[in-house]
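The opening position of the sequence shown corresponds to residue 1 in the numbering used here, with each subsequent residue numbered one higher.
Keep in mind that a hint or two might mislead.
[Claimed, not checked] Cut-off 20 Å, straight-line C-alpha distance, at most; resulting in silico cross-link-like pairs (EDC-like, lysine to aspartate or glutamate):
id, residue 1, residue 2
1, Lys87, Asp39
2, Lys87, Glu29
3, Lys87, Glu71
4, Lys87, Glu54
5, Lys87, Glu52
6, Lys16, Glu47
7, Lys87, Asp49
8, Lys16, Asp49
9, Lys16, Asp58
10, Lys87, Asp61
11, Lys87, Asp77
12, Lys16, Asp39
13, Lys16, Glu41
None of these hints come from the bench; they were simulated from the model.
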Amino acid sequence: MSGTTRTSADLDVRRKQILYRAWHRGMREMDLIMGRFADAEIGSLTEADLAEFERLIDAVDRDLFAWITGEAETPNDYDTPLFRRMKAFHTHTSPIHA
Numbered sequence: 001m002s003g004t005t006r007t008s009a010d011l012d013v014r015r016k017q018i019l020y021r022a023w024h025r026g027m028r029e030m031d032l033i034m035g036r037f038a039d040a041e042i043g044s045l046t047e048a049d050l051a052e053f054e055r056l057i058d059a060v061d062r063d064l065f066a067w068i069t070g071e072a073e074t075p076n077d078y079d080t081p082l083f084r085r086m087k088a089f090h091t092h093t094s095p096i097h098a
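My request is simple: use the sequences and hints to build the entire structure.
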């Protein structure tokens, strides 16, 4: 079961797949982090943003969670504008564990 509150009816196939993958990870905390961000931003992401988001989706959940919570330093190749945008989304709009 997904936690999404967004309809995917207006999305192209790639965006639908990304939205699904963002909500169906392996770690519930990452479902919430990536899924909520995807719900809010998927329609406005550029092609480059989509490629970067897919790359983040492919990263190991535990590593992503550690980078987002500050438990570990984010490697330079993942410390991208999109990653920082996703991290800021949760810092400023709602707590990660809400």
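Here is what the structure says about each hint:
1. Lys87 to Asp39: Holds, at about 14 Å.
2. Lys87 to Glu29: Between Lys87 and Glu29 the Cα gap is close to 13 Å, so the pair holds against 20 Å.
3. Lys87 to Glu71: 13 Å, holds
4. Lys87 to Glu54: Since the Cα atoms of Lys87 and Glu54 sit roughly 16 Å apart, the hinted pair holds (cutoff 20 Å).
5. Lys87 to Glu52: Since the Cα atoms of Lys87 and Glu52 sit roughly 14 Å apart, the hinted pair holds (cutoff 20 Å).
6. Lys16 to Glu47: Answer holds: Lys16 to Glu47 is near 14 Å, not above 20 Å.
7. Lys87 to Asp49: 14 Å, holds
8. Lys16 to Asp49: The given pair, whose Cα atoms are some 15 Å apart, holds under the 20 Å limit.
9. Lys16 to Asp58: The hint holds at about 16 Å.
10. Lys87 to Asp61: Given pair Lys87, Asp61 holds - Cα atoms ~14 Å apart, limit 20 Å.
11. Lys87 to Asp77: 15 Å, holds
12. Lys16 to Asp39: This hinted pair holds, its Cα atoms lying about 10 Å apart.
13. Lys16 to Glu41: 12 Å, holds
When held up to the earlier numbered hints, the structure conflicts with none and fits them all.
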